[in-house]
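Protein chains in written order, with the working numbering: chain A, 28 to 278; chain B, 28 to 278.
Just so you know, the hints here were simulated from the structure itself, not pulled from any lab data.
Do not rely on the hints blindly, as some may be mistaken.
[Claimed, not checked] Cut-off 27 Å, straight-line C-alpha distance, at most; resulting in silico cross-link-like pairs (DSSO-like, lysine-lysine):
no., chain 1, residue 1, chain 2, residue 2
1, B, LYS141, A, LYS210
2, A, LYS112, B, LYS210
3, B, LYS210, B, LYS141
[As the list claims (entries may be wrong)] Far from chain B, some chain A residues (derived; all Cβ distances over 12 Å):
no., residue
4, TRP42
5, VAL99
6, MET166
7, GLY167
8, SER177
9, ILE234
[To be verified] Chain A residues, not near chain B, derived (Cβ > 10 Å throughout):
no., residue
10, VAL60
11, PRO107
12, TYR184
Predicted model, so just to flag it, every value in this text is computed and none were measured.
Where is the CB? At the ideal position from N, CA and C, for every residue including glycine.
Next come the chains, spelled out residue by residue.
There are 2 protein chains.
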Amino acid sequence: MEDSAPRPIRSVFAWLVGASQVLGLLAVVLTGVWMGHYRGGFAWDGSAQEFNLHPLCMVLGLVFLHGDAILVYRVFRNEPKRNVKLLHGIIHLLALIMSIIGFVAVFDFHRAGKIPDMYTLHSWCGMATLVLFCIQWVMGLMFFLFPVASSWLRASYLPIHVFCGLVLLVMAIGSCLLGITEKLLFSITSTYSQFASEGVLANILGIVLVCFGVLLGYLITKEEYRRPPNPEEESLSVHFKTLTEGGSSTF
Amino acid sequence: MEDSAPRPIRSVFAWLVGASQVLGLLAVVLTGVWMGHYRGGFAWDGSAQEFNLHPLCMVLGLVFLHGDAILVYRVFRNEPKRNVKLLHGIIHLLALIMSIIGFVAVFDFHRAGKIPDMYTLHSWCGMATLVLFCIQWVMGLMFFLFPVASSWLRASYLPIHVFCGLVLLVMAIGSCLLGITEKLLFSITSTYSQFASEGVLANILGIVLVCFGVLLGYLITKEEYRRPPNPEEESLSVHFKTLTEGGSSTF
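Turn these sequences into a full structure, and let the hints steer you where they fit.
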């Protein structure tokens, strides 16, 4: 479907989306290089190589796929809403599966190595993010994909769902940064302060994740990039205008 | 000036603002207790007690005061815009002074103890936040308090200023969480995993900071809590409607 936005807005938007994908993929690649090259690769046997799946799955699932699942509402803002909703739900499902694999990997590694669980700030923030992400996904499924709630309830829940989605993306990125710091201080305590290449690479990964989050936040919240009102969908969809005084965006 | 919003919206808003202040002050108090009780108090002599000023100043300046400086646009949304702008700038100035004291304290401590600087992800994120915060403050001063720029430039810069303000608050909170993790892993490595009271207190501080950020984010971005349009100010102020297609908020 033809984009109704003026050409300069479309062009800037396309560049920003492209940049966000480069940053997101770069974060996944840097995590893979860190764990694959510096930390001995991957396995599923309770060893440190099983732990290595944890950062990779979390960056891929809770950050990159989670961010892209939100972004589809902006990228495909002129496509039929039902298709975009379905894509949003499917990418979130992939994100959820990756996150659960990452979650199991770290607890399996801790159990095998008799390492205590859930005492660090990273584990508290990460667990809160994953639990809330699961709740958000189930609620989204019930309210919007298989609407069991009334139109009024869906309309009331929509702005909360949108706000929580962005908060959870930020929390996921924050938890990753805490995990990076924790892993470096556990693994390369003596050489980190001498700017060991592993430490610099992991720090750069952290900065790339922050940039990905800022760019996604900009693309998601900028008024011009929101889904334009579509009169044909008005009777079927939930519309922000009915919720907020003078608001103009649809989701 | 009388608030034009309906009574239930005013009431929920007041409770949420109250809760944000409780969380913000709680974060400052918890940081004070952590540094004062567990880490030996405060001094200005290059010792570990001088370092202890760093977390306290950063939580007070870059998080609590920074958040409140943004919040004044919502709390005093029916007061004359000039007064609110002035208050916004003054609280930000206090935040900047506190942050610079905190910044000097940690570098002074590192110099005295011959501890390397700027190698951790916390230091990279924290430095980026502080530098961008300084730039944001100077730009805000030039554009809005002593307007040296044209109306068109001010109007173009306003949404960027607003977006960056919220991003910097999130980055400040993220940097604090990284600092908490770093400090705990440097100081109580052996007892952290046994849920030592210091570790639990610092983790709770981290969660309180996250909750403060989420609540501030909600209060700042919610459409109903934005400054209502004021025809008397229209000719003097920058109005979002001229910037974004169909937007309704003023700043």
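Against the structure, the hints come out as follows:
Straight-line distance between C-alpha atoms of LYS141/B and LYS210/A comes to about 24 Å, which keeps the hinted pair within the 27 Å bound. Only pairs whose Cα atoms come within 27 Å are accepted, and LYS112/A paired with LYS210/B is rejected, the gap being roughly 43 Å. Proximity of LYS210/B to LYS141/B is assessed by CA-CA distance (about 17 Å); at most 27 Å being required, the pair is judged to hold. Distance to chain B confirms TRP42/A as a non-interface residue, since its nearest Cβ pair spans about 17 Å, more than 12 Å.
Look at VAL99/A: its CB is around 21 Å from the nearest CB on chain B, clear of 12 Å, so calling it non-interface holds up. Under the 12 Å C-beta cut-off, the non-interface status given to MET166/A relative to chain B holds; the minimum distance is some 17 Å. Annotated as non-interface, GLY167/A keeps its C-beta farther than 12 Å from every C-beta of chain B; the closest such distance is 18 Å. No beta-carbon of chain B is positioned within 12 Å of the beta-carbon of SER177/A; the least distance is around 20 Å.
A Cβ of chain B approaches the Cβ of ILE234/A within 12 Å, the least distance being about 6 Å, so the stated non-interface status is violated. For VAL60/A, the condition that its CB be more than 10 Å from all CB atoms of chain B holds, with the nearest at approximately 17 Å. The claim that PRO107/A is not at the interface with chain B holds, since no C-beta of that chain comes within 10 Å of its own (minimum 22 Å). Listed as a non-interface residue, TYR184/A keeps its Cβ farther than 10 Å from every Cβ of chain B; the least gap is roughly 15 Å.
The earlier numbered hints that this structure contradicts are 2 and 9.
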